[in-house]
Amino acid sequence: MHTVDLDRQVDALRTGWTGPAGRAATALMTGLCDELDAAYPRLIGIEQALSSHSVVLARARSLAFQSTGEALDLAEQSDVATAARLGSLGPSRVALPSRVAPPSRVAPPSRVAPPSPGADPVAVASWWHGLSQAQRQWLLDDRPELIGSLDGVPADARDVANRARLTRLLADPHTPHRAALLAIQARLGSTGHGYPYLLGLSADGKGRAIVAIGNPDTADNVVTYVPGLGGTLDGGADEIDRAAHLSSAVRRAAPGRATSVITWVGYDAPTSLPEAAHIGAAVGAEPALHRFQAGLRATHLGAASHNTVIGLSYGSTVVGMTGHGPGLVADDAVLIGSPGVGVAHAADLGLDPGHVWGSTARHDVINAAADPRDLLRPDLNPLLRPLFGEHTEHLWYGPSPAGPSFGAHVFASAPGSALDPARAHVAYFDDGNPALAGTADIAVGDYAEVR
Amino acid sequence: MPLPGWVFGMEVSPSLLRGTGAALHDLAAEVRSALSGDRDGPDDSDRATDIALHNQVSAWDGYLTGLATRLDDAGDGLAQAADGYADSDARTRFRFGRRLC
Chain A
441 MHTVDLDRQV DALRTGWTGP AGRAATALMT GLCDELDAAY PRLIGIEQAL SSHSVVLARA
501 RSLAFQSTGE ALDLAEQSDV ATAARLGSLG PSRVALPSRV APPSRVAPPS RVAPPSPGAD
561 PVAVASWWHG LSQAQRQWLL DDRPELIGSL DGVPADARDV ANRARLTRLL ADPHTPHRAA
621 LLAIQARLGS TGHGYPYLLG LSADGKGRAI VAIGNPDTAD NVVTYVPGLG GTLDGGADEI
681 DRAAHLSSAV RRAAPGRATS VITWVGYDAP TSLPEAAHIG AAVGAEPALH RFQAGLRATH
741 LGAASHNTVI GLSYGSTVVG MTGHGPGLVA DDAVLIGSPG VGVAHAADLG LDPGHVWGST
801 ARHDVINAAA DPRDLLRPDL NPLLRPLFGE HTEHLWYGPS PAGPSFGAHV FASAPGSALD
861 PARAHVAYFD DGNPALAGTA DIAVGDYAEV R
Chain B
7 MPLPGWVFGM EVSPSLLRGT GAALHDLAAE VRSALSGDRD GPDDSDRATD IALHNQVSAW
67 DGYLTGLATR LDDAGDGLAQ AADGYADSDA RTRFRFGRRL C
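Top line first, the protein sequences correspond to chains A and B. If you read the first sequence in my numbering, its first letter stands for residue 441, the second for the next number, and so on. If you read the second sequence in my numbering, its first letter stands for residue 7, the second for the next number, and so on.
Simulated from the structure, these hints should not be mistaken for lab results. Small disclaimer: the values here were computed from a predicted structure and weren't measured. Please note that a few of the clues may not be correct.
Said to hold, decoys possible - Per label pair, the in silico range of CB-to-CB distance:
1) Ser51(B) / Gln517(A): 17 to 27 Å
2) Ala524(A) / Ala28(B): 53 to 63 Å
3) Ala28(B) / Gly527(A): 54 to 64 Å
4) Arg692(A) / Ser39(B): 54 to 64 Å
5) Gly43(B) / Pro874(A): 49 to 59 Å
6) Pro613(A) / Ala28(B): 38 to 48 Å
7) Gly43(B) / Ala743(A): 32 to 42 Å
8) Ser494(A) / Asp67(B): 46 to 56 Å
9) Ser51(B) / Gly459(A): 54 to 64 Å
10) Glu585(A) / His60(B): 32 to 42 Å
What the hints assert, rightly or not - Covered by chain B, according to a simulated footprint, are these stretches of chain A (three or more residues, beta-carbon under 8 Å):
11) 475-486
12) 616-623
For glycine and all other residues, C-beta sits at the position ideal for the given N, C-alpha and C.
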């Protein structure tokens, strides 16, 4: 529910209707709009709280046969915490000074000095932790653009801010990427795989959409999926669907553990092959991916989660460049369908090479993305390799992570079809593909199960 | 198509007032529609969450029902203002002074 349309009409009335009657009417309607806007985050908060509670209860249920006491403790703690959270989300706090003066004109509570968007997530988390509930609420109401994209702010608060932004964007019929935003809104309404948290959103340029299936701040395992070519806001819903497949597989691999799978459309992914031939987008993504990953660590509650970053296609290049540069802040890196990751060896990614994994389907079209120098070699023309199922060792951005020289663990993926190498490139998360099961096993730390 | 108010020398058109009033009525209906369906927990009074949820459902139902009524009232007020606007702003002020302020 939102009141942007009404806001617009009230603005039209305000500018065109002078005199005391006009002032009285527009003040009244402004107050009503403000009440609705203030109610919205609290209602979202109730949904989040109940969803998180249901996830914990499901875990407790699955634990019950192994350890009844532990399961009961888990359920009891969640019960108390959820009740406390619900208690703070009542309508009484909506009671508005804003009927007299809308929140946007209410002076902010004291000591709210928001950090800049690029601030260190640990410092942001500390700042957020130190705010009062009233200060946080003021920021969510008045600065959703900042809070929604600020790494180091907890997932539930970012979700509230970004859902409000999404509704505002969709209220404008001229908002760019409108179809993509509507598709994302539809995914947010579907809770089949767990409550979806909207951790980032922008309609500027190629757009941004970061969606987590399950709360990363409370999950045992957190997976960040970085898409490649076409992985922009316009393709965001497809990427979320792909991540939903992965989420199901991860839950199957570890039914007793809470998992969050995040689709990170957080950079200007290439939208054409000529764009993908340039490293610029991957270099440009490094600080954002690093900060996002550091933010996951900073906001996580309880024992540290097992964090995995997965890069598909050009997304693997983003992962590689970030690992080599500012760092992935993760436990494992998975590089699939990769055109090379900008480094010569797994050890260059800032991780123990034993925690770097690679897989490329035999007929994946990416095998045609060879180092140009390969064209001078007398063996099979690289452009024909996907048809013949021949692996390319020297790719556009360096050695293949699925090849012997790179030093990563290589795991299996379905070969795909010689008749459709492009399909093989996007089939890694399809049901039945061994790459899906392997990736899920890595994500939950069951390395011995990876084939 | 309704003519804009300035054609008649008016500062705001009755159609804009009616349109805004209709939007308020739609919003009130949307709020009321959200107050249906099962929103209670399993009604287990041993669980703090269930008690808190029950309390919140009651509180929100009461609050949102009142809010929907106020939205409707405001929509009615705008529709009446649109009917009477051609007479004078003073009359419109009187209506709002009586009904809305």
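These are the hints, each one checked on the structure:
1. Ser51(B) / Gln517(A): 17 to 27 Å: This hint holds: roughly 19 Å between Cβ atoms.
2. Ala524(A) / Ala28(B): 53 to 63 Å: About 41 Å separates the Cβ atoms of Ala524(A) and Ala28(B), which means 53 to 63 Å is violated.
3. Ala28(B) / Gly527(A): 54 to 64 Å: 37 Å, violated
4. Arg692(A) / Ser39(B): 54 to 64 Å: At 37 Å between Cβs, range violated.
5. Gly43(B) / Pro874(A): 49 to 59 Å: 43 Å, violated
6. Pro613(A) / Ala28(B): 38 to 48 Å: The hint (38 to 48 Å, Cβ to Cβ) is violated, given that Pro613(A) and Ala28(B) are roughly 18 Å apart.
7. Gly43(B) / Ala743(A): 32 to 42 Å: 38 Å, holds
8. Ser494(A) / Asp67(B): 46 to 56 Å: 22 Å, violated
9. Ser51(B) / Gly459(A): 54 to 64 Å: 56 Å, holds
10. Glu585(A) / His60(B): 32 to 42 Å: At 36 Å between Cβs, range holds.
11. 475-486: Holds: 5 residues of the stretch 475-486 of chain A have a Cβ under 8 Å from chain B.
12. 616-623: violated (count 0)
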